[in-house]
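Protein chains in written order, with our numbering: chain A, 2 to 616; chain B, 297 to 400; chain C, 19 to 193; chain D, 279 to 788.
Please note that the accuracy of each hint is not assured.
Said to hold, decoys possible - Straight-line C-alpha distance at most 27 Å; calculated BS3-like pairs for lysine-lysine:
{"#": "1", "chain 1": "C", "residue 1": "Lys-102", "chain 2": "B", "residue 2": "Lys-388"}
{"#": "2", "chain 1": "A", "residue 1": "Lys-532", "chain 2": "A", "residue 2": "Lys-365"}
{"#": "3", "chain 1": "A", "residue 1": "Lys-110", "chain 2": "A", "residue 2": "Lys-365"}
{"#": "4", "chain 1": "B", "residue 1": "Lys-385", "chain 2": "C", "residue 2": "Lys-102"}
{"#": "5", "chain 1": "C", "residue 1": "Lys-99", "chain 2": "B", "residue 2": "Lys-388"}
{"#": "6", "chain 1": "C", "residue 1": "Lys-146", "chain 2": "B", "residue 2": "Lys-385"}
{"#": "7", "chain 1": "A", "residue 1": "Lys-28", "chain 2": "A", "residue 2": "Lys-110"}
{"#": "8", "chain 1": "A", "residue 1": "Lys-365", "chain 2": "A", "residue 2": "Lys-517"}
No wet-lab data here; the hints were simulated from the structure.
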Amino acid sequence: MSETIWLIPLIPLLSSVTLMLVGTRLKASQVGALGVGSVGISALLTLLLATEFMQNQQVIQLSLWTWMEVAGFAPGISFYFDGLTLVMMSVITGVGFLIHLFSTEFMEKDPSYARYFAYLNMFVAAMLVLVMADNLLLLYLGWEGVGVCSYLLVGFWYQHNANGYAARKAFIVTRIGDTAMAMGLLLLFTELGTLDIQTMVGEADQTWQVGATVPTIACLLLVCGAVGKSAQLPLHTWLPDAMAGPTPVSALIHAATMVTAGVYLIARTHELFLLAPIAMTVVAVIGITTSLMAAFTALMQTDIKRILAYSTISQIGYMFLALGVGAWSAGIFHLMTHAFFKALLFLGSGAIIHCLHHEHNIFKMGGLRTRMPVTFWSFMIGSSALAALPMTSGFFSKDQILLQAYQFPEIGPGLWVAGLLGALLTAIYSFRLVFVVFFGSVNTEPDKDTGWRMAVPLSILCLLAMVGGWFMIPVSEVFPASDGSHPAHWVEYVSISVPIVGVLVAYLIFYTGQLKVDRLANSSFGKSLGKLWLSGWGIDLLYDRLFVKPYYGLANKLKSEPVDALYGLIVTINQTLNQWLSSAQSGRMRWYIASMVAGLILVIMLAANLPEGAL
Amino acid sequence: MDGLNIPLNHILLVSSLLFAIGMLGLMIRRNIIFILMSLEVMLNAAALAFVAAGAHWGQPDGQVVFMLILTVAAAEVAVGLGLVLQVQKRFKTLDMDDANRMQG
Amino acid sequence: MLEIVFFYIAATVALMATVMAMTRPNAIHALIYLIVSLLAVAVIFFLIGAPFAAALEIVIYAGAIMVLFVFVIMMLNLGEKGNKQERQWLQPSIWAGPAILSAILLIELILVISQTNGPVSVAAVSAKQVGLSLFGPYVLAVEIASMLLLAGLVGSFHLGRRYLDRDNLEKQGGQ
Amino acid sequence: MVMINLILILLIGGLLAMLSERISDTMPRKVAMVVVLTDLVYLLLCLSGMPEITQLQAPVANDPSTWLMHFKTDWIPAFGISIELALDGISLLMVLLTLILGAIAISASWTDIVVRKGFFEANLLWSLAGVLGVFMALDLMLFFLFWEVMLIPMYFMIAIWGHENRGYAAMKFFIFTQASGLLMLMSILALVAVNQSATGIWTFSYFDLLNTQMTEQAAHWIMLGFFIAFVVKLPGFPFHTWLPDAHTQAPTAGSVILAGILLKTGAYGLIRFAVPLFPEAALDFSSAAMWLGAAGVVYGAVLAFGQTDFKRLIAYSSVSHMGFVLLGIYAWNELALQGAVMQMVAHGFSTAALFMIAGSLQERLHTRDMREMSGLWQQMPRMGAVAMFFVVASLGLPGLGNFVAEFLVLLGLFQVNIWITVVAATGLITGAAYSLLLMQRSFQGQANQKWVDSGLVDFGTREMLTMAVMIVALIFLGIYPQPVLDAAQPVLQSLLNLTTSPTVAIVEVM
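Just chain A, with the same shape it has in the complex (with noise of 0.2 Å):
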């Protein structure tokens, strides 16, 4: 098994290939049956190795031949699999699989059929490349394969133009990042000569002391490049854009994937990290303002896909103070419980946005509580895993963070404060969007439930969302073990309890109305803060102002070529030098008369003032 774990990431390609050369000649159900059985013929190949691996606990590494090989630069198309990449992949692929599987119902009638699983298997094939790559070059692969793919499919219907909008938006910010990570790529390699992941650690480890200067700036530039991919501060903007394609993609590659792809480059360069507190710190503050800021945004959206993507932010927040404060685990462990319930809650909403004829508002929904009774029950199950409801997935995962982020030195209860108000507000917006869909009258009536192929991915990870939590991830020998203290019992009971007072919020406000919020909405200083809320912060027009704008203008000033003009001045001149010398031909004899007397004086000028012999 281990010696044959390129096909896992091969398999999707070739079906993505052949999709794309012959999928328009294919029957739908074919299609489907290739770009779903790929995934899950990897889906089933990883499973078998985390059974090799859960009995041997071997780390295997496999390098198939070497890239490029230019003066002591060899990295290699190679693999690394550890119990981090096995958790990655696992939601890739088992995830990846109940997606498609749901995307081939919710598709069904969509022209593009098989471009679309063209796309989302590249996308599955270039993810697990990311978690497979053993050298951060071959990760960059994935790493910029992965957008591309996004960008495909955010752009998939591409006859609207604010999905193509959308699409670029989402591929330019994130590129933004992505070539600040290259220069960490740049700076790394400079520095200690591989991009080796393993060698490199090791090397880092001989060649650095604790916060020195070099690691922090590299680890910056790589948090530059997570940041960017995972949508926080201040490279988030893309995502709620991005919701434009289709709702698997969004569940597959917004919600469970792709964008956790930062908290796994950081969580694979661990050590480097470990060198530079600056950069820890800055990771887990990033962390915390985005969640809080992602979370308050939430509260306001009335689209049911924005709201999602506004929670998503918040999450990987989460994901990121864990990594910040040295969670590693914790981190990983919200990631692999965020896979599960936010895919539960996209596709769940997916569900909703098939039958309700492509309803994005949730306050034109409503009582679908007994219409829908499969989403509903996804809806609750994920819904309660978000805002970490004890019990659920998503509980042990943010419990853990919290209470390791109340450990952090100086600034930890802090963070704990924050996280507790982020805690609050998500189940607050959750539930908000729970009692507002499927509760309350009915504004549009569903024209149909479910079909078998969407109902059985929401059973599955219905299930995964709720125990989720009681897996044990097999992370303990690529991080570090925390030193196991606990905060007093108060922190933990806090923690557990702001959740629940969260949902009792909703529910007062949202479901029986009796606590009313109309004077404070409706006052001034609450109106202007729920359309900053609901404009995101406004950090959208922000960047528009301060760099499209600009940008849009320079491009146009420049259009003309100024350069061209430097150039045109030649021409000017020689066209003038031209006139003058051709007005001097002008025909009136006296004039050349005259200009020959003058050359006459001065021949006559110049011979009388040559050195005598001269002549």
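Given the structure of chain A, go ahead and fit chains B, C and D onto it with the hints provided.
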């Protein structure tokens, strides 16, 4: 022919003056006839200088060149006046500027 | 002694006549001044011992060439209108610039000339001497000059004939 | 002799193609295709017969016998001018690229040339012959001759078969290249004269002129002459302004050859001549050259973003990409040089393909204005998919050739100057911006009813086959670039050895 002789540079001075006047005429007149006349003056001034120089050295070369100049002047006037007639016929004027056909 | 006096008188006459020739609006008047100038130059030739040149000057220049001018001017029939126009053209603004240029050139020439010194030769150069060197060392130049004259002959014949062809004469007569 | 034959086949083939127009209207393109493929096969056969090819050993730069091929015969012995051709790894790569892209160019203009087809194909082949000569000539006079030979047919191609504003573009192209060619000639003569005064021997041979003794002042000026001549061709900022016009107005095959091959002659000249002939002077100049390169990267990208003309956008993207080549060359270490060579090859394919797509669009829509295109994917999904592939290739997607090139350049550059690297790296972002905009404006969005009604034809077999060649090439370069790197490595190593003489150390971190 004895006694004081005429200084060479005085003759050359006269020649220069004649030349300058001829040239001035050449530049200020627009009528072709006058231009031709001015040319004659200038040629004549040059001829004077040659003859004077020849006389200075007591050699015949100066006069030889004078004769050559004479032929040049004759030919020039013959052709020039022919052109004058043509110009008058075509342009109904003898003004050189009006006869100008260049697009300068 | 007398030659010197004559020389200065002749020179003065030549210069003044030339100036007059250059400034007359009437072509015939100008021409007559020019003839005077040429005659004065002929006197100078005679005085500096070039009697043959003086003779040629009178015969060919003052005689033949100037007569040619007279004929052409008569043919063109410029009249009073031409005079008026000429007067109009002789404004100071027109001749100021050329005058300055000419003056500069003149000064330069004078400066150059002032370096030479010495009188002209006592003995006259006879026509025989001239003839000998013409058909001796300068024979090639003579041939060229003859060709030039031939070309002038053909050219002027060609140009003049067109002017004097029949219908043109009729048109002129008709006017 | 092999090298002479390669050039002669093209020259005579051009003549045949021109004459074959009398047989039938479609004959010239077939003849041209056969000629180029014959040339390619001939080269490959000759190579396969050589044992050296399997173990490309480091050629000693100033010892021609260590090169892959070498040919020398007298031409004008009085001035030491000879017909000297030689082939090493880099030349070989460039020659192969030339022949492959030559075939692609002929395929690209299979149908869009309607007048004087014979003469067109002849010009194309002659231009290719000139390029081959440039890549192989090692006598400077011969090099200059070929330099001119490749330009004049190109001028005709733009001036006769170009688009609406061809006269202007052709003239601009001609003046720029001619002026730079003149500069090069002057530099060559100056170099030879300097060498003559030092050694007393007249020679134009590259091998003899290496290590010419000259004063620092002389070296600087002569180097600058070469530099400008090659950078105009490259084109580097600020000498690039002929390129957008020439590319935009040239017929498809012309654009393909211009972008794919002709630009590379500039880069080749820099690597082969401008730096090795004047190592110290080039070193002194390197940071200015690198800033120019970085400026080109950014400037090209910003201008590309502002364009509305499909071809013009690609043309500016070339400016941006060739900036990386300039950066790579003047960083002058193995990583960066390998990156520059890779970029030359990869950019050859990716841009040639984009120009082909532009040509196909022009043929179908009779416009290049992207404001009139929109949603073309719907009608031409195959063309759209192919365009998408090359667009992501040109924005440097890992796994495709351009990424390897750009990353290596940046990696090498980073060791030399960090700030230039930072500036150049922004090219990756702006590159994404204009590339995706191109895609958005032409193939995505609401389909323009005008084209829906007129019924557009998607790529056919011939076009897909041509594109497939380039797609496969780019993927291959992207995931297994080693053959190209191996071919160039010994040459670059020997050049580096030649220039990094004991006292000179190039590395200067921050």
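Quick rundown of the hints versus the structure:
Between the alpha carbons of C/Lys-102 and B/Lys-388 the distance comes to roughly 16 Å, so the proposed pair stays at or under 27 Å and holds. Taking the CA atoms of A/Lys-532 and A/Lys-365, the gap is near 20 Å; set against the 27 Å cutoff, the hint holds. With a CA separation close to 24 Å, the supplied pair A/Lys-110 and A/Lys-365 stays within the 27 Å bound. Taken as a hint, the B/Lys-385 and C/Lys-102 pair is honoured in the structure, with Cα atoms around 21 Å apart against an allowance of 27 Å.
With a C-alpha separation of about 13 Å, the suggested pairing of C/Lys-99 with B/Lys-388 holds against the 27 Å cut-off. Of the supplied pair hints, the one linking C/Lys-146 and B/Lys-385 is violated, its CA atoms being roughly 46 Å apart against a limit of 27 Å. Between A/Lys-28 and A/Lys-110 the CA atoms are separated by roughly 13 Å; this keeps the pair inside 27 Å, and the hint holds. With a CA separation close to 21 Å, the supplied pair A/Lys-365 and A/Lys-517 stays within the 27 Å bound.
Figure legend: structure checked against the earlier numbered hints; the only hint not met is number 6.
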